[in-house]
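Residue numbers (the working numbering), protein chains in the order written: chain A, 1 to 298; chain B, 1 to 422.
Think of the hints as simulated: they come from the structure by calculation, not from any bench. Here a beta-carbon is modelled for each residue, glycine too, at the ideal position from N, C-alpha and C. Each hint should be verified, as a subset may be incorrect.
Keeping only pairs whose Cα atoms sit at most 27 Å apart, straight-line, the calculated BS3-like set for lysine-lysine is [what the hints assert, rightly or not]:
{"hint": "1", "chain 1": "A", "residue 1": "Lys54", "chain 2": "B", "residue 2": "Lys414"}
{"hint": "2", "chain 1": "B", "residue 1": "Lys95", "chain 2": "A", "residue 2": "Lys55"}
{"hint": "3", "chain 1": "A", "residue 1": "Lys45", "chain 2": "B", "residue 2": "Lys420"}
{"hint": "4", "chain 1": "A", "residue 1": "Lys54", "chain 2": "B", "residue 2": "Lys420"}
{"hint": "5", "chain 1": "A", "residue 1": "Lys45", "chain 2": "B", "residue 2": "Lys144"}
{"hint": "6", "chain 1": "A", "residue 1": "Lys55", "chain 2": "B", "residue 2": "Lys414"}
{"hint": "7", "chain 1": "B", "residue 1": "Lys144", "chain 2": "A", "residue 2": "Lys55"}
A few chain B residues facing chain A, derived, Cβ under 8 Å [what the hints assert, rightly or not]:
{"hint": "8", "residue": "Arg195"}
{"hint": "9", "residue": "Ser248"}
{"hint": "10", "residue": "Asp385"}
{"hint": "11", "residue": "Pro396"}
Counterexamples of contact, computed for chain B against chain A with all Cβ distances above 10 Å [said to hold, decoys possible]:
{"hint": "12", "residue": "Gln57"}
{"hint": "13", "residue": "Tyr74"}
{"hint": "14", "residue": "Ser97"}
{"hint": "15", "residue": "Gly219"}
{"hint": "16", "residue": "Ser240"}
{"hint": "17", "residue": "Lys286"}
{"hint": "18", "residue": "Ile287"}
{"hint": "19", "residue": "Glu327"}
{"hint": "20", "residue": "Ala364"}
{"hint": "21", "residue": "Glu372"}
{"hint": "22", "residue": "Ser407"}
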Amino acid sequence: MADKVTGRAREERRLAWMLVAPSVIVMVLVTGYPVVYAIYLSLQKYDLRFPNDKKFVGLSNYTDVLGSSTWWTDVFNTMVITVCSVAIELVLGMLIALVMHRAIFGRGPVRAAILIPYGIVTVVAAFAWRYAFNPGTGFVQHLPLVSGTANPLGSRGGSFLVIVLTEVWKTTPFMALLLLAGLALVPDELHEAARVDGASVMQRFFRITIPLMRPAIIVALLFRTLDAFRVFDSVFIMTRGANDTETVSILGYNVLINRVNLGLGSAVSVLIFFAVILIAMFFVKVLGASTAQQTGEA
Amino acid sequence: MPAVLRGRSIRGVVTTALVAALVLAAAGCGFSESTSGGRGKTIKWYVFNEPGGAFEQAIATCNKQAGGKYTIQYVRLPTDADQQRELVVRRLAAKDSDIDIIGMDVIWTAEFAEAGWIKPWTGARAQRALNGKLKGPQLTAQYKNTLWADPFTSNTQFLFYRKDRVPKPPPDFTWDQMIDQASQRGKAIEVQAARYEGYTVWINSLIASAGGSIVDENGNVKVDQTAARAAQIIKKLATSKAAPPGMSNNKEDDARLGFESGRSDYQTNYSFIYASAAKIKGFQPKIGVAPWPRVDASKPPRVTLGGINLGIGAYSKNPELSFQAAECLAQPENQVVASEKGGLAPSTGVLFSNPRVKKVLPFADIMSTQIENGVPRPVTPAYSDISQAIQKTFHPPDGVDPSKVVSDLRDKLKKAAEGKIF
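Using the sequences plus the hints, can you model the full thing?
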């Protein structure tokens with residue numbers, strides 16, 4: 001009996017593998033190969049302008065990147081943008097998700113309106129924000145409470161502010177959508193029961209909604225953190241890394257595309273890749289442990 | 001769901017997917033062959049998109065003169081110099097035989113020559129290419145005593161001022177005088193100080209006008225106190241009342257817009273802003289043109305050269321015809337057309353007194369003097385690294401520290417030369 005089940009389970013397992021095989025092969029071809037090739041390149045001294053100087057240099061590209069203050073400044077800048085934008089997006093996204101969830105009339109229009117920023121190409125959105133803050137042509141300096149000579153894109157703090165605002169404006173809808181899916185998981189009966197027991201709105205939100213939404217919140221945070229860590233477009237358009245706002249992706253771009261230094265640039269890319277894996281592991285292992293438990297219970 | 005995946009339909013799905021993938025791949029293969037319509041071999045000219053139509057007319061002229069030997073085809077590159085370079089470099093590094101003629105920004109010569117991406121010009125052909133060209137453009141096309149391209153158009157920056165507000169600047173007008181005067185009047189001086197190639201142009205002109213240079217003739221780093229002097233001027237302007245709003249983000253077009261808005265008395269920029277001013281009623285007559293300001297009252301300014309040279313791609317399948325086509329494109333008539341339609345300065349000296357050029361560029365005499373004495377940007381294969389290092393050292397303009405700039409720049413240039421992160 002037991003043998004038969006295992007045999008069948010093995011059979012199913014095989015079928016499962018066969019079914020996922022096409023996508024695994026495609027993934028290996030389109031993601032695995034470039035990743036492996038980038039790692040290979042990162043171990044070479046290889047500048048497209050001096051192809052004859054190409055040689056194997058081991059980990060020296062990595063020691064060079066990790067030993068430079070530029071890399072660590074850029075990591076810090078990227079963290080600032082990531083933490084600020086994701087934190088604001090989470091709060092705003094939750095509010096918007098609640099609105100979308102509760103909307104009684106005009107659900108369709110409300111959801112569509114909220115999604116518009118997410119539908120706009122990031123580069124276009126970034127240009128719009130840059131022009132808005134441009135002291136010559138923008139409208140921001142004509143707003144009440146804003147100094148007429150304000151030039152946020154001229155200073156580091158101001159540039160960060162505008163970049164974070166752009167990111168928040170652009171991707172809060174995405175966050176809201178993911179959270180909305182989580183909200184739908186919370187059974188109404190629990191709220192009813194809690195209300196009967198005399199729980200306040202706040203209590204119900206923090207004691208019922210949030211714990212039950214935890215898996216959705218973690219997925220939303222993970223997606224957005226990974227995205228935000230690789231932020232490129234808005235920084236490229238706003239400052240191109242000026243005013244000490246260079247992010248790791250901008251550094252990678254400069255070394256790889258502008259300086260055509262494939263070895264060094266690949267080392268930067270691989271390091272970004274590892275940073276992203278670390279972040280993902282943090283979310284899955286540290287925050288995700290209790291998630292599995294939660295979903296098991298629900 | 002399983003019905004779709006069962007039996008023959010799996011094959012159907014796979015086939016459809018493969019066909020779709022192939023179609024997508026084929027469609028994604030970049031430039032499609034557009035109608036060349038002519039006869040003979042097709043010679044492709046990769047050059048920036050010139051909206052005035054000057055290059056189209058030059059191509060038409062040459063295709064006619066070729067009499068069926070070749071047909072030049074215009075492949076438009078972005079207008080941003082950094083993007084042009086990135087696109088061409090990627091193709092050349094992949095040994096793309098599609099590139100026959102390259103409209104090369106003057107700063108690419110050493111890099112492309114060293115990498116073996118362009119063919120040298122030799123013998124009688126080299127003599128013809130240099131014949132009658134001003135010294136400045138000649139320098140930009142040479143590297144290690146070899147000619148690598150045919151100088152086509154040229155350019156430098158000038159000082160534009162508001163004739164209706166300030167007196168004509170004296171011949172020895174300096175940056176210091178200009179900043180003091182504009183600050184007193186509470187009017188701005190428009191410059192290019194965003195962290196990009198245009199900022200390198202400004203810094204290079206300041207250092208050269210102070211009597212220095214960033215690298216010597218052999219391509220070795222040679223940073224001295226002239227860099228500190230350049231930083232002083234930049235900082236003085238950036239922290240004065242004459243600093244234009246958003247200075248640290250301003251490029252050529254932001255400067256033009258600022259000047260046209262009336263907020264500024266002075267502007268350093270290229271000749272295109274003069275043609276642009278004609279579009280605003282009654283504005284062009286208010287603009288005066290003067291030589292670029294001096295750093296040191298006793299030394300004439302030495303201004304960074306711009307413009308494009310025509311190089312021949314090393315992997316071209318028709319190099320001989322490409323050389324002929326490039327020579328044809330660079331002929332004086334086409335340079336005049338480039339001035340008339342695109343506001344680009346010629347590289348051939350006598351053309352500056354050509355009435356057709358003088359009509360569109362009334363300050364042609366100042367122009368030819370400046371181009372003749374113009375300075376190339378650092379001639380070195382690692383130019384783009386060096387330019388990035390310069391920009392990073394001097395940016396932001398109000399935060400640059402003249403006492404640290406020399407050691408900082410040396411350090412960054414050393415790292416750039418060693419292929420390290422800076």
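Going through the hints against the structure:
Proposed proximity of Lys54/A and Lys414/B is supported: the alpha carbons are some 20 Å apart, at most 27 Å. A threshold of 27 Å between alpha carbons decides the hint, and for Lys95/B with Lys55/A the separation of about 20 Å falls inside it, so the pair holds. A distance of roughly 10 Å separates the Cα atoms of Lys45/A and Lys420/B; the hinted pair therefore holds under the 27 Å criterion. With a C-alpha separation of about 15 Å, the suggested pair Lys54/A and Lys420/B falls inside the 27 Å cut-off, and the hint holds.
Proximity of Lys45/A to Lys144/B is assessed by CA-CA distance (about 25 Å); at most 27 Å being required, the pair is judged to hold. With a C-alpha separation of about 21 Å, the suggested pairing of Lys55/A with Lys414/B holds against the 27 Å cut-off. Using a Cα cut-off of 27 Å, the hinted pair Lys144/B and Lys55/A holds, with the two alpha carbons roughly 26 Å apart. At its closest, the beta carbon of Arg195/B sits 4 Å from a beta carbon of chain A; the interface hint therefore holds under the 8 Å criterion.
Given the 8 Å rule on beta carbons, the hint for Ser248/B holds: about 5 Å separates it from the nearest Cβ of chain A. Annotation: interface hint on Asp385/B holds; nearest CB of chain A at approximately 5 Å, less than 8 Å. Interface hint at Pro396/B: satisfied, since its Cβ lies 6 Å from the closest Cβ of chain A, which is below the 8 Å cut-off. With a closest Cβ-Cβ approach of about 32 Å to chain A, Gln57/B is found to remain outside the 10 Å limit, as its non-interface label requires.
Every CB of chain A lies more than 10 Å from the CB of Tyr74/B, the least distance being 25 Å, so the non-interface label holds. Distance check on Ser97/B: its Cβ is at least 17 Å (rounded) from any Cβ of chain A, clearing the 10 Å threshold; non-interface status holds. Distance check for Gly219/B against chain A: the nearest CB is about 13 Å away, which clears 10 Å, and the non-interface claim stands. Separation of Ser240/B from chain A is adequate, the least Cβ-Cβ distance of about 14 Å exceeding the 10 Å criterion.
For Lys286/B, the condition that its CB be more than 10 Å from all CB atoms of chain A holds, with the nearest at approximately 19 Å. Listed as outside the interface, Ile287/B is consistent with that label: its C-beta sits roughly 19 Å from the nearest C-beta of chain A, beyond the 10 Å cut-off. Separation of Glu327/B from chain A is adequate, the least Cβ-Cβ distance of about 27 Å exceeding the 10 Å criterion. Against chain A, the non-interface label of Ala364/B holds: every CB pair exceeds 10 Å, the least being about 31 Å.
A cut-off of 10 Å between C-beta atoms confirms that Glu372/B is not in contact with chain A; the least separation is 31 Å. No Cβ of chain A comes within 10 Å of the Cβ of Ser407/B; the nearest lies about 15 Å off, and the non-interface call holds.
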